[in-house]
Amino acid sequence: MTNRKKSLIALALVTLIWGGATPVIKLGLNSLPTFTFLFIRLAISSIAVLPILLVKLKKTPLKLPQIPALFFIPFFGQTISLGLVFLALDRTSALDGAILGSMSPIMISIAGVILLNEVITKRERVGTAIALVGSLIIIFQPWAESGFSLHDGFREKLLGNVLMVGYLLANTAYTIATKRYFKKYPKTDPFIKISLGFIVGAITFFPLSMLELSSLTTVSGIAALTFPPLTAILSLLYMAIFSGVIAYFLYEMALKYIEASEASVFTYLQPVIAIPASFILLGEVPTGVFMMGGAVIAMGVYLAETKKFPYFPASFKRSFKDLTPLITCFFSIFLTILAFRSS
Numbered sequence: 001m002t003n004r005k006k007s008l009i010a011l012a013l014v015t016l017i018w019g020g021a022t023p024v025i026k027l028g029l030n031s032l033p034t035f036t037f038l039f040i041r042l043a044i045s046s047i048a049v050l051p052i053l054l055v056k057l058k059k060t061p062l063k064l065p066q067i068p069a070l071f072f073i074p075f076f077g078q079t080i081s082l083g084l085v086f087l088a089l090d091r092t093s094a095l096d097g098a099i100l101g102s103m104s105p106i107m108i109s110i111a112g113v114i115l116l117n118e119v120i121t122k123r124e125r126v127g128t129a130i131a132l133v134g135s136l137i138i139i140f141q142p143w144a145e146s147g148f149s150l151h152d153g154f155r156e157k158l159l160g161n162v163l164m165v166g167y168l169l170a171n172t173a174y175t176i177a178t179k180r181y182f183k184k185y186p187k188t189d190p191f192i193k194i195s196l197g198f199i200v201g202a203i204t205f206f207p208l209s210m211l212e213l214s215s216l217t218t219v220s221g222i223a224a225l226t227f228p229p230l231t232a233i234l235s236l237l238y239m240a241i242f243s244g245v246i247a248y249f250l251y252e253m254a255l256k257y258i259e260a261s262e263a264s265v266f267t268y269l270q271p272v273i274a275i276p277a278s279f280i281l282l283g284e285v286p287t288g289v290f291m292m293g294g295a296v297i298a299m300g301v302y303l304a305e306t307k308k309f310p311y312f313p314a315s316f317k318r319s320f321k322d323l324t325p326l327i328t329c330f331f332s333i334f335l336t337i338l339a340f341r342s343s
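Heads up: the sequence shown at position 226 corresponds to 226 in the numbering used here, and the numbers run straight through without jumps.
These aren't lab readings, by the way, just hints derived from the structure by calculation.
It is possible that part of the hints are untrue.
[To be verified] Think about it this way: if two alpha-carbon atoms lie no more than 25 Å apart in a straight line, the pair counts; the simulated BS3-like pairs of lysine-lysine are: (1) Lys179 - Lys256; (2) Lys184 - Lys59; (3) Lys184 - Lys256; (4) Lys256 - Lys187; (5) Lys6 - Lys256; (6) Lys63 - Lys157; (7) Lys63 - Lys183; (8) Lys56 - Lys6; (9) Lys187 - Lys56; (10) Lys63 - Lys6; (11) Lys56 - Lys184; (12) Lys58 - Lys183; (13) Lys6 - Lys184.
Here the structure is a predicted model, which means the values were calculated and not measured.
Based on the provided sequences and hints, a complete structural model is requested.
In structure tokens, the structure reads:
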């Protein structure tokens, strides 16, 4: 098996893990406070990677100029980004969180044009604009489904969707900063950067967790934290070990052999996993407005991420990058039809 095929398999596993993350997070947040969940998750991840991290630091010690960036960059990638995701999922649905989270590559592409002077084609610009329209449909979905009223439930879910947009902005800043860092220090081991990110996240979430716990007054809240249900424990382990250590390791391994632009395409497939996972774990069902927004996003992604090719190509050996958005688009259309038939 070639390294490229191994990388594609690794990214497929990452898609499965991260695609199921949003409903798993929401399941855990039903029992544990937001910042406490994050602190425990990152603390477990930090402990898991610490032995390997110490060995790697002994072999390739960091230089003094590298250290501030390796602590400041993870502050965006872990503390701010993850904090916003968890606060968002505490208010909105796992489905909305997943579909908005899949917009990350588009946001990074826009930032690359603005901040890094990267060039995109007219087709990419049109596709990006369409995808952004789809994301606006998802963001304001709670308003449409409430009959355009301003009741408290609408406001809470809308706030969650807006917080997901905040996550996209923070994650974009983290990605751009990471690109600049590796351009300046290309020999830095990605595992060291990721591991230090876990540690920085655990340290910064610790005081927030303490403040959160000090505000617990109900007996049920204290009992849930002292004796967390099995679902909360499994959610923590999934996010700490699978979504944290294993997925990050597989992702970094894959980036050694394929381009980052190809790897980012897998992000668009995560809602394909999140939709059935949200139904199985949380009973969430896609609504007509949700599927409309998802289909518009898929159409924009399809335009932005593919080149022109025949509808019935003679060869099935087209690159995976071309196939992935097409599959996503057809899957979204299928779910749209299914949603309207069941309504």
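Hint-by-hint comparison with the structure:
In summary, the hint linking Lys179 to Lys256 is supported, as the alpha carbons are separated by about 15 Å, within the 25 Å threshold. Between Lys184 and Lys59 the alpha-carbon distance is near 20 Å, which keeps this suggested pair within the 25 Å criterion. Of the pairs offered as hints, the one joining Lys184 and Lys256 holds, with about 18 Å between alpha carbons and a cut-off of 25 Å not exceeded. Restraint check: the Cα-Cα separation between Lys256 and Lys187 comes to about 13 Å, which is no more than 25 Å; the hinted pair holds.
For the given pair, Lys6 sits about 11 Å from Lys256 by alpha-carbon distance, which is consistent with the 25 Å threshold. The suggested pairing of Lys63 with Lys157 is violated, with an alpha-carbon distance near 45 Å, which exceeds 25 Å. Annotation: proposed proximity of Lys63 to Lys183 holds, straight-line Cα distance about 15 Å (limit 25 Å). The hinted pair formed by Lys56 and Lys6 meets the criterion: a straight-line CA distance of about 24 Å does not exceed 25 Å.
Our distance criterion of 25 Å between C-alpha atoms is met by Lys187 and Lys56, whose separation comes to about 13 Å. Restraint check for Lys63 and Lys6: the C-alpha separation of about 33 Å exceeds 25 Å, so the hint is violated. Between Lys56 and Lys184 the CA atoms are separated by roughly 20 Å; this keeps the pair inside 25 Å, and the hint holds. With a C-alpha separation of about 23 Å, the suggested pair Lys58 and Lys183 falls inside the 25 Å cut-off, and the hint holds.
Among the hinted pairs, Lys6 with Lys184 is inconsistent with the structure: their alpha-carbon atoms are about 29 Å apart, more than 25 Å.
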